[in-house]
Structures are given as structure tokens and as C-alpha cells.
Amino acid sequence: MKIQRRNKANPEFSLAAMTDVILLMLIFFMITSSAANQSAIDVNLPKAGAVEDNIPNPLTVSIKPDGSFFVDDNPVNKGELEKIIVDKLANQTNKSFTIRADENTLHKDVVFVMEVAEKHKFNIAIATVKDK
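Under the numbering used here, the sequence shown has 128 at position 128, and the numbering climbs by one with no breaks.
No wet-lab data here; the hints were simulated from the structure.
Keep in mind that a hint or two might mislead.
[What the hints assert, rightly or not] Keeping only pairs whose Cα atoms sit at most 30 Å apart, straight-line, the calculated DSSO-like set for lysine-lysine is: (1) LYS108 with LYS64; (2) LYS64 with LYS88; (3) LYS83 with LYS95; (4) LYS64 with LYS119; (5) LYS121 with LYS88; (6) LYS8 with LYS64; (7) LYS83 with LYS119; (8) LYS95 with LYS78; (9) LYS119 with LYS88; (10) LYS88 with LYS78; (11) LYS108 with LYS130; (12) LYS95 with LYS121; (13) LYS108 with LYS121; (14) LYS78 with LYS121; (15) LYS88 with LYS108; (16) LYS83 with LYS64.
Can you build the whole structure from these sequences, using the hints too?
This is the structure:
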């Protein structure tokens with residue numbers, strides 16, 4: 001006599017749990033990627049009336065009020081700044097960078113970085129905060 005089991009294992013795979021996991025991972029990575037774009041260099045950005053949406057640039061040059069320069073949060077001497085910017089943007093398709101200058105930074109320091117961009121035909125964006 002052949003005895004059959006009443007509870008057979010169902011070999012089907014439910015995609016509902018997998019979809020939930022993928023959705024949660026997508027949300028996690030979207031939130032962390034927006035937070036990863038923040039710079040660790042503390043500068044008080046100048047205020048602007050009309051601010052358009054941010055276009056992410058592959059490189060950020062920060063200038064503190066004492067005249068110290070930072071490329072992607074790494075301190076850089078003024079003499080080496082141009083070479084480092086050119087090297088970092090050499091194999092980028094979007095040859096642009098963002099200038100994050102403190103509102104009390106000397107104008108000559110900002111102009112120096114802008115001259116580097118002009119010399120090598122790089123596009124620049126100047127970071128500001130929205131005026132309230």
C-alpha cells in the first residue's frame with residue numbers, strides 16, 4: 001500500500017519578499033547617496049536670492065577665510081591646486097567643478113580658482129545657500 005503525504009512542499013518561489021527587499025535597498029541607497037555629497041569642510045556659504053537645483057559635479061574645491069584650499073576635503077597648497085584639479089578632471093566627461101568659498105573668503109582666492117577653470121576651459125559652479 002502506497003502512503004501519500006498530506007503536506008507536500010511547494011516548490012514555487014514567491015517574489016513578493018524579494019521585491020520588498022529590493023525596494024528597501026533602493027530607498028537606503030537613495031538616502032545615503034544624497035547624504036554622501038555633503039562636504040566636511042565647514043564654510044559659511046554666501047546667500048543668493050534665486051537658486052536653481054544642484055547639478056552634481058565630480059570635484060569640489062573649498063576655500064576657507066584664511067586662504068586654505070581643499071580639493072574634495074583634502075588640504076592642498078595653492079601652488080599644487082591647478083595640477084590636482086587638472087589631474088582629477090583629466091578622464092571625466094563632465095569637466096566641471098564646484099567652488100565652495102566661505103562668505104568671508106578674500107575675493108582674490110576665489111578669482112585664482114576661477115582663473116584655473118578659465119585656463120583649462122572647465123565649467124564651474126559656485127555653491128550658495130538660499131536666502132530666506
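Out of the numbered hints, which ones does the structure contradict?
-> 6
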